[in-house]
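Here the protein sequences come in this chain order: A and B. Residue 1 is where the first sequence starts when you use this note's numbering, and the numbers rise one by one after that. Residue 312 is where the second sequence starts when you use this note's numbering, and the numbers rise one by one after that.
Only true hints are included.
Derived DMTMM-like pairs: lysine to aspartate or glutamate, alpha-carbon spacing no greater than 20 Å straight-line:
| # | chain 1 | residue 1 | chain 2 | residue 2 |
| --- | --- | --- | --- | --- |
| 1 | A | Lys176 | A | Asp164 |
| 2 | B | Lys314 | A | Glu93 |
| 3 | A | Lys176 | A | Glu28 |
| 4 | B | Lys314 | A | Glu150 |
| 5 | A | Lys123 | A | Glu111 |
| 6 | A | Lys123 | A | Glu173 |
| 7 | B | Lys559 | A | Glu67 |
| 8 | B | Lys314 | A | Glu111 |
| 9 | B | Lys394 | A | Asp88 |
| 10 | A | Lys3 | A | Glu67 |
| 11 | B | Lys559 | A | Glu81 |
| 12 | A | Lys3 | A | Asp64 |
| 13 | B | Lys559 | A | Asp64 |
| 14 | B | Lys394 | A | Glu81 |
| 15 | A | Lys245 | A | Glu231 |
| 16 | A | Lys176 | A | Asp115 |
It is worth saying that the hints were derived from the structure and are not from the lab.
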Amino acid sequence: MIKVENLTKRYAGQPAIQDLNFEVSQGEIMGFLGPNGAGKTTTMRILAGFMPPTSGRATVAGFDVFEQSLQARAHLGYMPENVPLYSDMRATEYLNYRAALKGVQHRRVAERVGDVKELCGLKEVENKLIGTLSKGYRQRVGLADALVAEPDLLILDEPTIGLDPNQIRQVRELIKNLGRQHTILLSTHILPEVEMTCSRVIIIHKGRIEACDTPDNLLGKIRQAGGVVLEAKVGNDNGAEELKKISGVREVVTDGENDWKRFSLRVESGVDVREAVFRLATDRHWAVRELTQRRATLEDVFVELTHPDVV
Amino acid sequence: MRKFYTLLSREVRSYFHSPIAYIVLTFFLIVSGINFNLIVSYMNRRTIDISVQQFFFNWVLFWFPFILIFPLITMRLFAEEFKLGTIEPLTTVPVRDWQVVLSKFFGALVFYLILWIPTLLYFWIFQSITGQAAAHSAGAYWGSYLILLLLGMFYLSIGCLTSVLTRNQIIAAIISFCAITLLFFFGLVQLILLDVTSTTQDLLGYFSAIEHMGTFSRGVIDTRPIVLYVSMTILMLTLTCQAFQSRKWRL
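Required output: the full structure, derived from the provided sequences and hints.
Structure (structure tokens):
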């Protein structure tokens, strides 16, 4: 559905994205992650036909986004960052206007606009001026606009920014459901969102792709960022030294001032040391009040890839 | 064509959604009403051999609001879209750039024509009260409103061009105001310079909006200004289209 080859964009000589290569196939939900200024919006704007790349090529549904821009644009629904809308129009009026511009057949406009209003929960504000709507509703008008012409591909730039937790959950569900019929490329800062919705993830940093894989595989790659946490009363024993002797444990960090000490164990990838820790604790008669495995999250992947000094 | 119509109707409606439309309409109605009142009372006091309609369109005060309305109508056309970022959703739907440019131009033109409708009423009122004809012939009406259309097309296209060059409405308004005023005074140079040769005078006369209005409001429809204004409008709109497309390279 999307094919990107050596895509580069420079602003006044300064590269925003460099040599991006990736593909999104039909029916995939692709997450686009990266810190601010990584080049997410630039990439999406190029794909949506808003600006041309400096070099390289991108196609949408087989059409070059620059050479055959009109055909490419006819296949996609784009929701720009911050959702710019005409504040002097009413929600329904705006959606009717957008549907007509996108070439929805005249007799189907009312039906399609009704459907997307239903889907995005806009019924109660349909006759309000867009200028008076809250951020959350404006966001939903933008999403409804992207959906109104039933595009094959949805490009959503930060669709959940500015929404409250309930709305985020609704939008996440909506995106998941849409993924059954549409191909989706979405960018976000919110990592759990990606873990829950996306079938594949691209992590982009300083204009380059750092990783492109399924969320599970990405987590597998940095399993060491996970580990085990033990909170115990170790008395006079040197807990950290004892724990380090367990095979598979790489490093132990100790916290806590009083009797209760908190040990964070970094372990080798794929090894579960919890049983060994439990046996050690019972042998030494340590009182234990917590023993948990900390799972690596996409946040760890993200931080590790985009901010190597922190880890 | 349907997309063009959709864009056009949105442009026309957007004028009436903003206070600018009502301010311009009111301002224009008041000023042209005062003008009409002044010329009628002037004609009451002395005999003059031209008709009310001719006097109305050729009198000095007519040109003052006339030049002023174009920047007001056109300044927001593109500048506002750039400023608010609505250009992004607009240019990522399958519409062509020229459809966007033409819809904005014709939207402005429709609004401009709406401004002139009340002036027809003045002549009708004059006729029904005095029982005298406001113009010598029907051709005089056709001529005056045709030249208004032609001048309007040209000046509005200048406004389109200045609006597409900036994201600041005030800058767009100032540039188009200067450009239109300069063009207008260009035609007046022949009256200021006394020792101009007749060739220079003729040449300058070709650009003189006042001279064209004088001819057309008599009911004489000259094809030279028609060619001039139509071709200049096309040139300005072509430039607007080019400038609009160049946004992609300036980003």
